[in-house]
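Chains A and B are the protein sequences, given in the same order. Using our numbering, the letters of the first sequence correspond one by one to residues 1 to 353. Using our numbering, the letters of the second sequence correspond one by one to residues 1 to 367.
Honestly, the hints are just simulated from the structure, not real lab data. Think of the CB as a built atom: it goes at the ideal place given N, C-alpha and C, for glycine as much as any other residue. Treat the hints with care, since some could be wrong.
Listed next, the in silico DSS-like pairs over lysine-lysine satisfying Cα-Cα at most 27 Å (straight line) [unchecked claim]:
#	chain 1	residue 1	chain 2	residue 2
1	A	K265	A	K72
2	B	K84	B	K98
3	B	K117	A	K113
4	A	K72	A	K312
5	A	K326	A	K312
6	B	K112	A	K113
From chain A, some residues computed to sit far from chain B (all C-beta separations above 12 Å) [as the list claims (entries may be wrong)]:
#	residue
7	T48
8	Y60
9	L125
10	V147
11	V307
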Amino acid sequence: MTSATVLLKDELDIVIPTIRNLDFLEMWRPFFQPYHLIIVQDGDPSKTIKVPDGFDYELYNRNDINKILGPKASCISFKDSACRCFGYMVSKKKYIFTIDDDCFVASDPSGEKINALAQHIQNLLCPSTPYFFNTLYEPYREGADFVRGYPFSLREGVPTAVSHGLWLNIPDYDAPTQLVKPLERNTRYVDAIMTIPKGTLFPMCGMNLAFDRDLIGPAMYFGLMGDGQPIGRYDDMWAGWCCKVICDHLGLGIKTGLPYIYHSKASNPFVNLRKEYKGIFWQEDIIPFFQNVVLSKDATTVQKCYVELAKKVKDNLSKLDPYFDKLAEAMVTWIEAWDELNPSAKSKANGKA
Amino acid sequence: MAASSSVKPVPLLKDELDIVIPTIRNLDFLEMWRPFFEQYHLIIVQDGDPSKTIKVPEGFDYELYNRNDINRILGPKASCISFKDSACRCFGYMVSKKKYIYTIDDDCFVAKDPTGKDINALEQHIKNLLSPSTPHFFNTLYDPYRDGADFVRGYPFSLREGVPTAVSHGLWLNIPDYDAPTQLVKPHERNTRYVDAVLTIPKGTLFPMCGMNLAFDRELIGPAMYFGLMGDGQPIGRYDDMWAGWCIKVICDHLGLGVKTGLPYIWHSKASNPFVNLKKEYKGIFWQEDIIPFFQSATLPKECTSVQKCYIELSKQVKEKLGPIDPYFVKLADAMVTWIEAWDELNTPSDANSAKKANGALPAAAK
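From just these sequences and the hints, can you work out the full model?
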């Protein structure tokens, strides 16, 4: 495949969490090879992860994480793909694309292979429109525009912080749905990108996700999951709720829709149910918390927003379970670690409150 | 009468839905819709010169109202119905006796989906209306009640029942619904993108509602579907459906009802004249900069438990907050009240008080 203009080649890192191998990268080679990879190796650090030849990468296992963060390493999950957020923290690039190792190249309805990374970049490089819904979806796309009745003063849009892609084949269902509908496959290609409106939360999936590190990076903490933790499979959800509240506060946009990847592996629903079990109940309180949280006007940077959010998590959710106390502290530890590893970005105002 | 297609579609809600069509010319376009429409009752609202005869293709069951009929039926209250503007269509909503309305413009034809199959737009609208909406949390796989889809991981289970759907807003292939400036700048743009999705517009978010291909539940939201004062003697045009859309969204959000957008597509054949459009929209372009923040921050008190109560309250706020912009809004606010009075007169229930019945529960954890 001939390479088209390689957008943001030196400005974007691809972060991949893995415990097994990276064979899936072979299929992505035409699209990924020009970019730098950050592999975060979860699980047993003595195992060697084989990276296909020709990729430029850095790899971190648990020992590396402990060495680099010291005591602060406690905020990075162990034995859970949530550890990927360590990759966000150590990256030196403006943009991140993260993908799971069971996600492959999908084909669009015409049969053409989808360059998911290129689409994410397009999404991030053009504005979002969170204040008013455009019925023809993304107005900046070729062949589309704002419709009649869309206020003109809102047509400049706001900067896009997050691009949330979707999945054909195995859909991202929770355990109960997987148990009830084990055969369902997502075969519907929806040719749209849209901004999630201000004030509306969504379930953010980390399988096929891109974001602007400068705009929102510090809020992309994937929480405490896996070993020693009472829940799993809520890492990306947690980050998504935090990000959305902060983006709404700072006037940044989040898009969802294209691109699609092909999700090949259905995780075990019984294992998933164990991981999600407490979350199923807790999310009934977590969601209203995030829906009602208001950040102060002084929270003018992502870090300030996030630390304030951590306080509110401790105040409002620890009565649910001591886990949230721990999580709130880990959120603060994460910001401290982020600022240590990313000193120059520390006090810059990222957007208007 | 024989349908022109060989397979007759199952007529969902055949006796519960009216199709409202405003027209000034003719209804030839109905020929193409015959397989999908002919089993439904039509309400034709004839705009313009009442002495002209509108020819309706044979075989359709319809009632037709021209300006004389509107004046006769409403008396002085007819002043709230626009003249020489397709906004007059809302008279059709008012006189209908059915639970559901589908409204379509006479330059909208049957579109094809990507497989080449003719799209039964009415059937899709009915599906949309008969399944719940999900305004409180965005589902990334769009309408979770569609075949082959569901709620995704992370979607709270207590929100999976959804809320009743009040409005189904369809889209258009070919000539897109652009405003005059955009039409002037991009006269050749055609919408060729078929987006295979239906989605709920989230609570707290406004949208531009287009009346070209629209369906709604009269019982849930009918009284709020007033299409305003447009056309002859009015300072603006092409804001009728927009106005109704902002009002109904505020009221739906307040009452816990849902508004969907997306499928179905129709084929919009006629591009209106952008110079004429600019004249009509001119004041609206400026006014909407104030109107939008008004609707975005409008709140309705808890006592507004019916659509009519919500609408009257909204009209008060329109008069108070938008009246200072232009006397038009004072007139419009009065017309909104007249509309509700007329609606209630024409829709006096056979059983007591169902017009004043609370249409929806106020959400428990209001955002």
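To see whether the hints hold, each was checked on the structure:
no. : hint                : in the structure
1   : K265(A) <-> K72(A)  : violated, 33 Å
2   : K84(B) <-> K98(B)   : holds, 26 Å
3   : K117(B) <-> K113(A) : holds, 26 Å
4   : K72(A) <-> K312(A)  : holds, 21 Å
5   : K326(A) <-> K312(A) : holds, 13 Å
6   : K112(B) <-> K113(A) : holds, 25 Å
7   : T48                 : holds, 32 Å
8   : Y60                 : holds, 27 Å
9   : L125                : holds, 20 Å
10  : V147                : violated, 5 Å
11  : V307                : holds, 24 Å
Comparing the model with each numbered hint stated earlier shows that hints 1, 10 do not hold.
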